[in-house]
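Each protein sequence line maps, in turn, to chains G and A.
Note that the first sequence covers residues 1 to 109 in the numbering used here.
Note that the second sequence covers residues 110 to 246 in the numbering used here.
Since the hints were made in silico from the structure, they are not lab data.
Nothing here was measured: the structure is a model prediction, and the numbers come from that model.
Possibly wrong hints are sitting among the right ones.
Just a few of them, taken from the derived set where beta-carbon distance is under 10 Å, the chain G residues facing chain A [as the list claims (entries may be wrong)]:
(1) Glu19
(2) Pro35
(3) Leu65
Restraint-style ranges between C-beta atoms, simulated for each label pair [what the hints assert, rightly or not]:
(4) G:Gln107 to A:Gly137: 37 to 43 Å
(5) A:His113 to G:Arg49: 27 to 33 Å
(6) A:Ala176 to G:Glu105: 29 to 35 Å
(7) A:Val142 to G:Gln66: 26 to 32 Å
(8) A:Arg139 to G:Thr11: 45 to 51 Å
(9) A:Asp183 to G:Asp70: 27 to 33 Å
The beta-carbon is built from N, C-alpha and C at its ideal position, and this holds for glycine as well.
In case you want the letters, here they are:
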Amino acid sequence: MKVTTHSSTDTLTLVLDGELDASSAVVLDAELNKPEILNYHKVLVDCQRLSYISSAGLGVFISHLQRLQDSDVKLVFFNMQEKVFNVFEILGLDSLMNIVPTEQEAQAA
Amino acid sequence: MTSHLRIACSRQNLQQVRDFVRGFLTAGHRSEVVVNQVVLAVDEVVANFIIHANGEDANQFLDLMLALTEHRLDVEIEDQGHTIFIPASVSPNPDMREYIRQGRRGGMGMALVSRIMDRVEFFERNAHTVCHLSKTL
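Pulled out of the complex, with its shape left as it was, chain A reads as follows:
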């Protein structure tokens, strides 16, 4: 089973992305917590592409593809812009006490993604950045 979505690079479209992922996964009678985790991982990567790779330029767009085979979910998010965006590697175990002490509000998104998904890869394909996420459900 596969499903596709194309969105413009506006953070107003994050709701549409979450509804798309929820709709795709809810059909399988999975736990609400697991569905929410996957929705969160996709939302975080898409928000990164929208805000950091494309500067919220609504003339740019992203393609999302979800594929489910047996119990494995694959997600591909392709940035149709031409700026190669590979996020800096983040610690999967950020020191949250220090974040609180510093009043820091960013830098947790990719840590969440790496903890939720089994595999997280960013790579270049045809001069576009692609993020591939996978998880056994």
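If we strip away everything but chain G, and leave its shape as in the complex, we get:
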């Protein structure tokens, strides 16, 4: 699992590459734990190369979501593969999290 980041004035984009499981979730957690993340208006998560997510990966996003919302930081997922989106769907998280098809829609969200 590799996480790379790039940012503009008010948007931080996390690009996920690989499989997010109980072993690799710590890498993503470290990124979302950085205090400076609350300085952005929006955190976009590019899931194009995210090929797998387990409950440990979902748990990382869930554990940070309220904190981000409380600081008016939007968390938006885009380019999610169908099999990964299905894992969000199984728990009903697709209706509680902001998941859009494209980067353009994520930018506009």
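Since chain G is already given, all that's left is putting chain A on it; use the hints.
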């Protein structure tokens, strides 16, 4: 058709488990979503055994067996340790709004497993804990 795998209780081995299940199921030309669901269910149970039953002790190991007959998949995961580990029963319908509000990061794994698989059983056999999963594919 059956296949076996033995792994040491390290979360570094979860990738090997997923590759093993994918390799077993991909030969049958099944949808990527269904294959991923089964991979996820096995990964969740194995992660529970590694982390909660064995405290990530790499000197302990787990045996996995996959069996496919017609359209039914059976999975057996046997913990070779001697601590009996039966996970607490979980709601198959966790309140995810509440999870988000609490910032809770655990407790979803077995809910996923119970929603994906047709049958989920934990039992004791020869002083070992065994998890049996089955699903019609």
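Each hint, compared with the structure:
Using the Cβ-Cβ criterion of 10 Å, the hint placing Glu19 of chain G at the interface with chain A is satisfied: the shortest such distance is roughly 7 Å. Interface hint at Pro35 of chain G: violated, since its Cβ lies 16 Å from the closest Cβ of chain A, which is beyond the 10 Å cut-off. Interface hint at Leu65 of chain G: satisfied, since its Cβ lies 5 Å from the closest Cβ of chain A, which is below the 10 Å cut-off. The hint said 37 to 43 Å for the Cβ distance between Gln107 of chain G and Gly137 of chain A, and at roughly 40 Å that hint holds.
In this structure the supplied range 27 to 33 Å holds for His113 of chain A paired with Arg49 of chain G, their Cβ-Cβ distance being about 31 Å. About 44 Å separates the C-beta atoms of Ala176 of chain A and Glu105 of chain G, a value inconsistent with the hinted range of 29 to 35 Å. For Val142 of chain A paired with Gln66 of chain G, a C-beta distance near 29 Å keeps the hint of 26 to 32 Å intact. In this structure, Arg139 of chain A and Thr11 of chain G break the distance hint of 45 to 51 Å, their C-beta atoms being roughly 38 Å apart.
In this structure, Asp183 of chain A and Asp70 of chain G break the distance hint of 27 to 33 Å, their C-beta atoms being roughly 46 Å apart.
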